[in-house]
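Enquirer: Sequence:
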Amino acid sequence: MRGAAIRAAAVAGVFYPADPAALAGVVQACLRDARAAGGPAQPTQPKVLLVPHAGFVYSGPIAGSAYALLAPWRERLRRVVLLGPTHRVAVRGLAASTARGFETPLGVVPVDRVGLDAIADLPQVGPSDAAHAEEHSLEVQLPFLQCTLDRFTLVPLAVGRATPEEVAEVLERLWGGDETLIVISSDLSHYLPYAQAQARDRATIERVLRLDPELHHHEACGATPLAGALLAARRHGLVARLLDLRNSGDTAGDTRRVVGYGAVAFEGQAGREVEREAERGERRDDEAGADLGQALLVRARNAIAAPLGLATQPEPAHPALAEDGTTFVTLHHAGALRGCIGDLRARRSLDEDVRAHAAAAAFADPRFAPLAREEFEELRIEVSVLGAAEPLAVASEAEARHALRRGVDGVILEWRGRRATFLPQVWQQLPHAAGLLNALKLKAGLPPDFWAEDLRLARYEVRKFAEAAERAESAGSNERAESNESAEVVEA
Numbered sequence: 001m002r003g004a005a006i007r008a009a010a011v012a013g014v015f016y017p018a019d020p021a022a023l024a025g026v027v028q029a030c031l032r033d034a035r036a037a038g039g040p041a042q043p044t045q046p047k048v049l050l051v052p053h054a055g056f057v058y059s060g061p062i063a064g065s066a067y068a069l070l071a072p073w074r075e076r077l078r079r080v081v082l083l084g085p086t087h088r089v090a091v092r093g094l095a096a097s098t099a100r101g102f103e104t105p106l107g108v109v110p111v112d113r114v115g116l117d118a119i120a121d122l123p124q125v126g127p128s129d130a131a132h133a134e135e136h137s138l139e140v141q142l143p144f145l146q147c148t149l150d151r152f153t154l155v156p157l158a159v160g161r162a163t164p165e166e167v168a169e170v171l172e173r174l175w176g177g178d179e180t181l182i183v184i185s186s187d188l189s190h191y192l193p194y195a196q197a198q199a200r201d202r203a204t205i206e207r208v209l210r211l212d213p214e215l216h217h218h219e220a221c222g223a224t225p226l227a228g229a230l231l232a233a234r235r236h237g238l239v240a241r242l243l244d245l246r247n248s249g250d251t252a253g254d255t256r257r258v259v260g261y262g263a264v265a266f267e268g269q270a271g272r273e274v275e276r277e278a279e280r281g282e283r284r285d286d287e288a289g290a291d292l293g294q295a296l297l298v299r300a301r302n303a304i305a306a307p308l309g310l311a312t313q314p315e316p317a318h319p320a321l322a323e324d325g326t327t328f329v330t331l332h333h334a335g336a337l338r339g340c341i342g343d344l345r346a347r348r349s350l351d352e353d354v355r356a357h358a359a360a361a362a363f364a365d366p367r368f369a370p371l372a373r374e375e376f377e378e379l380r381i382e383v384s385v386l387g388a389a390e391p392l393a394v395a396s397e398a399e400a401r402h403a404l405r406r407g408v409d410g411v412i413l414e415w416r417g418r419r420a421t422f423l424p425q426v427w428q429q430l431p432h433a434a435g436l437l438n439a440l441k442l443k444a445g446l447p448p449d450f451w452a453e454d455l456r457l458a459r460y461e462v463r464k465f466a467e468a469a470e471r472a473e474s475a476g477s478n479e480r481a482e483s484n485e486s487a488e489v490v491e492a
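At position 250 of the sequence shown (counting the first as 1) the number is 250 in the working numbering, and the numbers step up by one without a gap.
For the record, the hints were derived by calculation from the structure and aren't laboratory data.
There may be inaccurate statements among the hints.
Stated by the list, open to error - Quick list of in silico lysine to any residue cross-link-like pairs, SDA-like style, CA-CA up to 20 Å:
1. LYS443 <-> ALA199
2. LYS443 <-> GLY417
3. LYS443 <-> LEU344
4. LYS443 <-> ALA195
5. LYS443 <-> ALA389
6. LYS443 <-> ARG419
7. LYS443 <-> PHE368
8. LYS443 <-> ASP129
9. LYS443 <-> ARG463
Build out the structure end to end from the sequences listed, making use of the hints.
Expert: Quick look at the structure:
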């Protein structure tokens, strides 16, 4: 797999300027705009980036929001593992290049032959210079990398017909340490009307943020490399943070037929810190309310067992059950979300509420088929009891980011009839307030950069009780929630 040739730029002058000065100017403008938009006060080094690969006039600003994160680590990052889908040449598996470098108008990026040699024995990896020769999905990332990193080598892989597991196996071999960055190149939906594209892309990104690898190519042209990266991210305990989500209608294209673009960073340290905070909170909850938790969990399981014709368990009493209260009931099966229903307002006793939401989560969550009898034994149930909502008196998004308590606050957003909420558990998936608020606005059907004077935020705390993990594989806390017109909330 060794060669002496340089892979020449194939789309310079088409996807991006061929003149070096003009190209550098375009890239730096995208990076400056992204930095001006702000980010976390204490950034975490990303391990994986999801970036789009259209012409820079269309997707450059969205890509810039991801690459702008790399500035603090421009000297540390010395190797980039770059995966993108093949658009012109059909290949089986992952195609490696035999070239010794990839050229752009900004210079030649050396190929990491050691990295490619490390995966050469895998059956899903093979050499194919034809797959790389005209492929733009990898090439368009290089000018951004050249402008953000000092010196680095490249492991370029064009992904064809492969399974997510095959991609994840390759990424495991190349994972490395802090010196290695993994970049996944993919656009989202293609050629839908603007509003329809927004809805589809929001749904796709929500699954990406949950590290859900069930993606399809009509949702993301790079669904295969992205799904493999999501599997690897789950295994390494990474958390996803939404940076930007737009389409060509927002940047430079016709709104009648648009292409979707998303930028997501996958990080480790901040997410683990939030998880530890949550675990400490759960221990405090367990110590203070173990009896209440047991009473709620038994009632939730019985509410699901009875309609299935299964035996129910004796229900322990607790005085709090007679008081008005509101809950979310979340179901996991075989390590995946299986349903979640809840309410933001107390409408009945806690006893009645947990039974109603458990049954609804099992049999009436519109995203899932009704729970089958054979799924019951491996079902893992979690009940969150919501506290009273407290309005946040903030005049700007910056004030909101500062006021929110990471790992503690559930958040409610309301604006002119639109309403959405995230439980506090969502901080484990979105550990930065900026990313959490962006994703919450998307759930409410608003752009991630939206803000208005009459937008209202409120926060609340929850007491969370979960069944023992041995009932099913631990699924982590990847909940999302949004409200419908009746204020009942469905996890997504």
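Enquirer: None of the hints should be skipped; say for each whether it holds.
Expert: Hints, verified against the model:
{"no.": "1", "hint": "LYS443 <-> ALA199", "in the structure": "10 Å, holds"}
{"no.": "2", "hint": "LYS443 <-> GLY417", "in the structure": "13 Å, holds"}
{"no.": "3", "hint": "LYS443 <-> LEU344", "in the structure": "16 Å, holds"}
{"no.": "4", "hint": "LYS443 <-> ALA195", "in the structure": "14 Å, holds"}
{"no.": "5", "hint": "LYS443 <-> ALA389", "in the structure": "19 Å, holds"}
{"no.": "6", "hint": "LYS443 <-> ARG419", "in the structure": "8 Å, holds"}
{"no.": "7", "hint": "LYS443 <-> PHE368", "in the structure": "18 Å, holds"}
{"no.": "8", "hint": "LYS443 <-> ASP129", "in the structure": "42 Å, violated"}
{"no.": "9", "hint": "LYS443 <-> ARG463", "in the structure": "23 Å, violated"}
Figure legend: structure checked against the earlier numbered hints; hints not met, in rising order: 8 and 9.
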